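K.L.:
Now for the letters of each chain:
There are 2 protein chains.
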Amino acid sequence: MPKDGTINRERILDAAQHLVIENGFAATSVDQVLRAAGTSKGAFFHHFGSKVDLARALTERYVTADIGQLQAALDATARVSDPADRVVAFVRHFEDSAEEVMSAQSNCLYVAVLTEQQLVSNGTADLIRHAIEVWRTAIAELLSAAATSRDLDLGDVEALADHVFVTFEGAFLLCRSTGSPEHMRAQLRVLRRLLTAALSAEPVGREASESAGREVG
Amino acid sequence: MPKDGTINRERILDAAQHLVIENGFAATSVDQVLRAAGTSKGAFFHHFGSKVDLARALTERYVTADIGQLQAALDATARVSDPADRVVAFVRHFEDSAEEVMSAQSNCLYVAVLTEQQLVSNGTADLIRHAIEVWRTAIAELLSAAATSRDLDLGDVEALADHVFVTFEGAFLLCRSTGSPEHMRAQLRVLRRLLTAALSAEPVGREASESAGREVG
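Top to bottom, those sequences are chains A and B.
Note that this note's numbering gives residue 152 to position 152 of the first sequence, counting from 1, and the numbers run on in steps of one.
If you count the second sequence from 1, you need to add 1000 to reach this note's numbering.
Just so you know, the hints here were simulated from the structure itself, not pulled from any lab data.
A quick note: this is a predicted structure, and the numbers were derived from the prediction, not measured.
Where hints are given, some of them may not hold.
To be verified - Using 35 Å as the maximum straight-line C-alpha spacing, the simulated DSBU-like pairs for lysine-lysine come out as follows:
#: 1; chain 1: A; residue 1: Lys41; chain 2: B; residue 2: Lys1051
#: 2; chain 1: A; residue 1: Lys51; chain 2: B; residue 2: Lys1051
#: 3; chain 1: B; residue 1: Lys1041; chain 2: B; residue 2: Lys1051
#: 4; chain 1: A; residue 1: Lys41; chain 2: A; residue 2: Lys51
#: 5; chain 1: B; residue 1: Lys1041; chain 2: A; residue 2: Lys51
What the hints assert, rightly or not - Residues from chain B that keep clear of chain A, each with C-beta distances beyond 10 Å, as calculated:
#: 6; residue: Ala1065
#: 7; residue: Val1101
#: 8; residue: Gln1105
Each residue gets a CB set at the ideal place from its N, CA and C atoms; glycine is no exception.
Could you build all of it, start to finish, from the sequences and the hints given here?
P.N.:
Pasting the structure below:
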């Protein structure tokens, strides 16, 4: 058994993450991961009991980074005093890092994990659900503060908060199918413009009925 | 070689589609498909040269159905005379069939196909790109008509049109990760409300600057 440290574990995870995002989990073999990481089978099984354990470790690390990105965006916009402006600035923060995200990966690890029923059933998907809930709670709080400050009815604030996750995942798939990573920024920009419109609506009392729309002025 | 007709081919495709959506493409074996379809290896290879050929046939059939859904929504809303109201009715059409869609499948076949690099590289993903382009063109036309009729600047209309695909795909992943199919309807409702707000904005001339938002009235 070779002497393995955290560095080796991280190197295996880095190699595996790239392969799983590119090729899918079932299509990635342990041997491919070992070759890409330049490490031995002994080293691998020192850190991970099985390929499924590796998937769990990958997802755990990805979730931690994902929640870190959320926190960074919250921190970066903490000094925007108007709550509605903060929502817009929050989305713009991700828009500004879209190219960086897409140069590092061609898809989201969550897509690969959620594609495999065994990972959905064995609890790995629960880690993703946790990340979704953390994002939902934080963004719903931003949206609620904005709605209160502008006297707006934003409808189901938690579903609206989830739409940020939905936009990211859908945009990853759009980039992947078209081979055009610039769709990530474009979709985040669409989200920002749509939220700007929702936050610029008439206050509750004066709001037109939801489906009727506005008379042409 | 058994005598095989279209019925047998469709039965194989039905069984394969269910398995691939549930478990992923690489995790689905030809033997599993044969068992689920109740057919023989001979019958399978009469219709499909390989598992990759099967993936292509599955995707072709799914794309045809997908474009059929688009056309059905366009037809169902063709008599809505106000172009902005038609955009809203178009999204509501999908909202109203969300439970039906989610009771038939737990995820989108596109997610499974796009997860596998071999299917992205070998041209299968190009079929998905074609579907995306058909949706984009049709919806961008609806949006452009609405923008003109209300004298609105909707920004990048093609990216806004793509946001419908993005919402579907992201919502499928949200449903899959949480095990709650009701997120599909909730996300389509969010999309409808956001588009309603965008279509109810002030006309171009009077529009506030994009990022500044509205003064509290």
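K.L.:
Each hint needs a verdict: does it hold in this structure or not?
P.N.:
How the hints compare with the structure:
1. A/Lys41 x B/Lys1051: Between A/Lys41 and B/Lys1051 the Cα gap is close to 30 Å, so the pair holds against 35 Å.
2. A/Lys51 x B/Lys1051: It holds: about 24 Å lies between the C-alpha atoms, which stays within 35 Å.
3. B/Lys1041 x B/Lys1051: holds (12 Å)
4. A/Lys41 x A/Lys51: Holds: A/Lys41 and A/Lys51 sit about 12 Å apart, inside 35 Å.
5. B/Lys1041 x A/Lys51: This hinted pair holds, its Cα atoms lying about 30 Å apart.
6. Ala1065: At roughly 17 Å from the nearest Cβ of chain A, B/Ala1065 sits farther out than 10 Å, so the non-interface label holds.
7. Val1101: The claim holds: B/Val1101 sits with its nearest Cβ about 15 Å from chain A, beyond 10 Å.
8. Gln1105: Answer for B/Gln1105: holds, closest chain A Cβ roughly 13 Å.
Every hint from the earlier list agrees with this structure, and none is contradicted.
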